[in-house]
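A.B. asks: Sequence:
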Amino acid sequence: MPEGHTLHRLAADLAAAYAGRRVTSTSPQGRFALEARRLDGRVLEGTEAYGKHLFVSFDGTEEQVHVHLGLYGTFLISPGTGRPVVGQVRWRLEAEDTADLRGPNACELLTPPEVALILARLGPDPLRADADPDRAWHRIHRSSTPIAALLMDQKVLAGVGNVYRAEVLFRQGVAPMTAGRRIPRVRWDAIWSDLVALMEIGVERGRIDTVRPEHEPEAMGRDPRADDHGGEVYVYRREGLPCLVCGTPVRRREVAGRNLFWCPGCQRDR
DNA sequence: CGGTTATGGTCAT
DNA sequence: TGACCCTAACCGC
Numbered sequence: 001m002p003e004g005h006t007l008h009r010l011a012a013d014l015a016a017a018y019a020g021r022r023v024t025s026t027s028p029q030g031r032f033a034l035e036a037r038r039l040d041g042r043v044l045e046g047t048e049a050y051g052k053h054l055f056v057s058f059d060g061t062e063e064q065v066h067v068h069l070g071l072y073g074t075f076l077i078s079p080g081t082g083r084p085v086v087g088q089v090r091w092r093l094e095a096e097d098t099a100d101l102r103g104p105n106a107c108e109l110l111t112p113p114e115v116a117l118i119l120a121r122l123g124p125d126p127l128r129a130d131a132d133p134d135r136a137w138h139r140i141h142r143s144s145t146p147i148a149a150l151l152m153d154q155k156v157l158a159g160v161g162n163v164y165r166a167e168v169l170f171r172q173g174v175a176p177m178t179a180g181r182r183i184p185r186v187r188w189d190a191i192w193s194d195l196v197a198l199m200e201i202g203v204e205r206g207r208i209d210t211v212r213p214e215h216e217p218e219a220m221g222r223d224p225r226a227d228d229h230g231g232e233v234y235v236y237r238r239e240g241l242p243c244l245v246c247g248t249p250v251r252r253r254e255v256a257g258r259n260l261f262w263c264p265g266c267q268r269d270r
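Heads up: the first sequence begins at 1 in the UniProt record's numbering, then just goes up one per residue.
Bear in mind the hints are in silico, worked out from the structure with no lab data behind them.
Treat the numbers as computed from the prediction; the structure is a model and nothing was measured.
Even for Gly, the Cβ is constructed at its ideal location relative to N, Cα and C.
One or more of the hints may lead you astray.
[Claimed, not checked] Label pairs and their computed distance ranges (CB to CB):
{"#": "1", "residue 1": "G247", "residue 2": "G82", "range": "48 to 58 Å"}
{"#": "2", "residue 1": "I77", "residue 2": "R42", "range": "15 to 25 Å"}
{"#": "3", "residue 1": "R181", "residue 2": "G103", "range": "36 to 46 Å"}
{"#": "4", "residue 1": "E239", "residue 2": "E204", "range": "21 to 31 Å"}
Whenever a hint applies, use it, and build me the whole structure from the sequences.
C.D. replies: Listed below in structure tokens is the structure:
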């Protein structure tokens, strides 16, 4: 689930459920027990998302909880309190609702300098109003690294993951192995604004949809061979299936340690 | 029921 | 580049 849109949505949902409220903080699993206890009974002040990182602050302390969901972490809010613990729950927050954090890559209580250290190594986040896309461009336009790898590098761009990188490159017709320095400025501007638009949709819907209305295969319905990962996409995990635009079989290849999917017909060097 | 895979990242080599 | 971390869903037997 978790690319940047998931974390921004989560920050908003947690704030709606808990901000300004006194919360019960526990670690049923025990691995965050000491820290959870120190926060127990405090008023939750606010939440903030930067890229794939979530920060939760509480009244009366400068320290913040830093959460990173990793590949399969979840942080689910459900109504009511006193729910039985099912499976491994690292951190549970309760006020009127119950929020359970499972399988995070990181769940830790950090001092302000430690928070600053994390933020300092993040590139601009397309979902943040304070983002400066020129910072990313500065890295990209002088790099020989493939654009498909640069988009995944959180020091270059914060919040983009394996689905958005594949989909934005498809939508912008960019060959994924093109070196950063060979991307024209106007193309980068288009990639950035498309990421902003796509990820904002992702926050609203809680899923990644990237297919333009004119390419929706409405008559036929979705291809039964395409696996369901929650959204409608052009190329992600569609290896071997015909491209929704040109019919060329979608290809797959590992780039930056992850499976990259692209259409060799629609995405060419230029 | 075991093996594989997953929208991520860190650390050691 | 590879080992490793964390959890759950899915697949084939």
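A.B. asks: Each hint should be assessed against the structure and marked as holding or not.
C.D. replies: Tested hints:
1. G247 and G82 have their C-beta atoms about 55 Å apart, which keeps the hinted 48 to 58 Å range intact.
2. For the pair I77 and R42, the beta carbons lie near 18 Å from each other, so the given range of 15 to 25 Å is met.
3. For the pair R181 and G103, the supplied restraint of 36 to 46 Å holds, since their beta-carbon distance comes to about 38 Å.
4. For the pair E239 and E204, the supplied restraint of 21 to 31 Å holds, since their beta-carbon distance comes to about 28 Å.
Hint violations for this structure: none, all hints satisfied.
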